[in-house]
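Whole structure, please, built from the sequences with the hints as guidance.
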Amino acid sequence: MPEDLRPDEAARALTEIRQRQEQVIKLANIPAWYWWAIAGLMVGFSAAIDSHRPLAIAIGTSLFVIGVLTATARVVIGGMRRTQLRNDLLGPIGVLAILGFVATVLAVSLPTAFALQAAGVRYPATLGVLVGAILMVLSGPWLTRFLQRIMLAKRAGSQR
Amino acid sequence: MIEPRFDELIHAPTRLSIVSLLAATEWADFKFIRDSVGLSDSALSKQLTTLEDAGYVEIRKSFIGKRPRTSARLNSVGRVAFERHVAALQEIVARAGASVRPQ
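From first to last, the protein sequence lines stand for chains A and B.
All residue numbers for the first sequence refer to our numbering, where the first residue is 1 and numbers rise by one.
All residue numbers for the second sequence refer to our numbering, where the first residue is 1 and numbers rise by one.
Calculated directly from the structure, the hints in this document are not laboratory data.
Check each hint, because a few of them may be wrong.
To be verified - Below are the BS3-like pairs computed for lysine-lysine, each with C-alpha atoms no more than 30 Å apart in a straight line:
1) B:K46 <-> B:K66
2) A:K26 <-> B:K46
3) A:K154 <-> B:K31
4) A:K26 <-> B:K31
5) A:K26 <-> B:K61
6) A:K154 <-> A:K26
7) B:K61 <-> B:K31
8) B:K46 <-> B:K31
9) B:K31 <-> B:K66
10) B:K46 <-> B:K61
Here it is, written out as structure tokens:
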């Protein structure tokens, strides 16, 4: 241990370490347009299903699959051109948060759609998915911030 | 429990920035490190070579299409050295008590 390193110098070095790691972690950002795009694709797909027309279902399904893959690839590959975050930064809580997010959107969409169908409302799947899509757009940015908080908490030098 | 060990090589300001950045990643693109830390190509090459010679960093050169691409990653030896260095810094700050805290 160097005797000549002052505590304030050590503190400054720790601050630099934290800021550099924060700089990288902040790049793991899911842009707002992604949530809107996925939500729009989900509603479009449901509307195609509700139409009960084979051609509309075929086109809707194709657009949904291509759209989701394209949007996801753009977000993932866009970030991976520069760097790839450490895999263990997210941890089990992060994985559970993502799974919980998906489960919540489904838990809102499906019962709403079935309830609307039982009530005889037209386009029940579209309306049910619309509710889930709105939830996704509103809570997607929150999920991003939560995941970043988890990663910031797990970076080096964060445990004191 | 990580054994604190101050590392002179890592502690140099520019290298501390580079290693801190790499410690949060699996790997990072050369240009990304250069722009993040604010170094010239030659200055970053020199620092990465120093870290590579110390056995802390691996430098990979590949091609994306026809474009060459250089990336760097902190290997397991580098990660342990960095964690120990961070622990050593924390120990110095802790010994000084609450009067000095990282921001």
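So, going through the hints one by one against the coordinates:
About 25 Å separates the Cα atoms of B:K46 and B:K66, which keeps this hinted pair within 30 Å; it holds. This hinted pair checks out: A:K26 and B:K46 have alpha carbons roughly 27 Å apart, not beyond 30 Å. The suggested pairing of A:K154 with B:K31 holds, with an alpha-carbon distance near 26 Å, which does not exceed 30 Å. Taking the CA atoms of A:K26 and B:K31, the gap is near 18 Å; set against the 30 Å cutoff, the hint holds.
Note on A:K26 and B:K61: the hinted pairing holds, with a Cα-Cα distance of about 26 Å set against a maximum of 30 Å. A C-alpha spacing of about 14 Å is found between A:K154 and A:K26, which places the hinted pair at or below 30 Å, so the restraint holds. Under the criterion of a C-alpha separation no larger than 30 Å, the hint pairing B:K61 with B:K31 is consistent with the structure, at around 13 Å. At most 30 Å may separate the alpha-carbon atoms for a hinted pair to count; B:K46 and B:K31 meet this at roughly 14 Å.
In summary, the hint linking B:K31 to B:K66 is supported, as the alpha carbons are separated by about 17 Å, within the 30 Å threshold. Proposed proximity of B:K46 and B:K61 is supported: the alpha carbons are some 16 Å apart, at most 30 Å.
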